[in-house]
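Asker: Using the sequences and the hints given, assemble the complete structure.
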Amino acid sequence: MTNTLKRRSVLVASAAALVGVSVEESQAKTSKAKDPDLDSVLERLLDQKERGATLSPVQKYCALLSCVTAQALPEAAEKIVLRALKEKVSPLEIREIVYQCAPYVGIGRVQETMEGVNDAFKEAHISLPLPTATTVTDKNRKESGEQMVMKLNSDRMKQILSQVPKDEYDLRVNDLYDFCFGDFYTRSGLSLKDRELVVFGAIATLGGCEAQLRSHIGANLREGTTKAQLVDALRVMLPYLGFPRTLNAMNQVSQMTKDSK
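The sequence shown begins at 3 in our numbering and counts up one residue at a time.
Quick caveat, the hints were computed from the structure, so don't treat them as lab data. This structure is a prediction, so every number in the text was calculated from the model and none was measured. Cβ atoms here follow ideal geometry from the backbone N, Cα and C, with glycine treated the same way. Hints should not be assumed to be uniformly reliable.
Ranges of calculated distance between the beta carbons of each label pair, as one might list FRET restraints [what the hints assert, rightly or not]:
(1) 226 <-> 43: 31 to 37 Å
(2) 171 <-> 132: 20 to 26 Å
(3) 36 <-> 125: 15 to 21 Å
(4) 159 <-> 36: 43 to 49 Å
(5) 90 <-> 224: 37 to 43 Å
(6) 49 <-> 125: 19 to 25 Å
(7) 165 <-> 224: 17 to 23 Å
(8) 94 <-> 167: 22 to 28 Å
(9) 108 <-> 59: 25 to 31 Å
(10) 161 <-> 195: 43 to 49 Å
(11) 42 <-> 159: 44 to 50 Å
(12) 77 <-> 142: 35 to 41 Å
(13) 128 <-> 166: 27 to 33 Å
Answerer: Structural data, given as structure tokens:
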């Protein structure tokens, strides 16, 4: 449980004891007393039946969870995970969506978000920790990561990496192979296509990373994700992403899909 949630729980329990009501009743009253107008707008925008029509349930939550992970929003993640579980997205898929953001938004934001995710799992009586999804070892993670990079980017990436200066090689190439792709893209539990959609969502949320966003739009398109699905992913993310970054990402999608025709 996050520190914010712990403090909130203590306050709710104390208040409940003082007035002689149950914690559950007190929580319900507290929830209703917050910001009903804003909550109503959010609930409407999170109605997955009305938004993201071209996306599967897993893909919808690839977009939504990547967005809140990039912003380290554990309380939002907790609510979203409970929704995802009701839509039959598996706990392993949920965890992998959040983990996949790590090399793009930083491990700290992933750890913060996982507090909310794990709180939701506990509420749903899901045993933790979940089974490991690691498929590599310290001996082969770099080689496996390199293979994954070439699978996604092929000749174009070979040309780019061949031009990296020697004094930048460890950061730009070795860490890319070992950490970014070796540690995460090789994991089980989520398809490569869905992992690329997660990365698209995370980078779009960060903003100011247009070159990287274009690269992963291209990877999404090569993996079979359509322009319509990328647009729908942005619509799903909109309530947490906001219009400026949503439209900036949309412009990149429009340009990349135009150039690919």
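Asker: Just tell me: holds or violated, for the beta carbon distance of residue 94 and residue 167 against 22 to 28 Å?
Answerer: violated (40 Å)
Asker: For residue 128 and residue 166, compare the CB-CB distance with the range 27 to 33 Å and indicate the outcome.
Answerer: Violated: the Cβ-Cβ distance is about 43 Å, outside 27 to 33 Å.
Asker: Please test the hint of 15 to 21 Å on the beta carbon pair from residue 36 and residue 125.
Answerer: Cβ of residue 36 to Cβ of residue 125: about 19 Å, so the range 15 to 21 Å holds.
Asker: Is 20 to 26 Å right for how far apart the beta carbons of residue 171 and residue 132 are?
Answerer: violated (35 Å)
Asker: Tell me if the beta carbons of residue 159 and residue 36 are separated by a distance inside 43 to 49 Å.
Answerer: The hint (43 to 49 Å, Cβ to Cβ) holds, given that residue 159 and residue 36 are roughly 48 Å apart.
Asker: Is it true that the C-beta distance of residue 77 to residue 142 lies inside 35 to 41 Å, as the hint says?
Answerer: holds (38 Å)
Asker: CB of residue 226 to CB of residue 43, is that within 31 to 37 Å?
Answerer: At roughly 34 Å between Cβ atoms, residue 43 and residue 226 fall inside 31 to 37 Å, so the hint holds.
Asker: Is 37 to 43 Å respected by the C-beta to C-beta distance linking residue 90 and residue 224?
Answerer: violated (28 Å)
Asker: Does the Cβ pair residue 165, residue 224 satisfy 17 to 23 Å?
Answerer: holds (22 Å)
Asker: Per the hint of 44 to 50 Å, is the separation of the Cβ atoms of residue 42 and residue 159 within bounds?
Answerer: holds (46 Å)
Asker: Starting from the hint 43 to 49 Å, judge whether the C-beta atoms of residue 161 and residue 195 obey it.
Answerer: violated (24 Å)
Asker: With respect to the beta-carbon atoms only, verify the hint that residue 108 and residue 59 lie 25 to 31 Å apart.
Answerer: holds (27 Å)
Figure legend: structure checked against the earlier numbered hints; hints not met, in rising order: 2, 5, 8, 10, 13.
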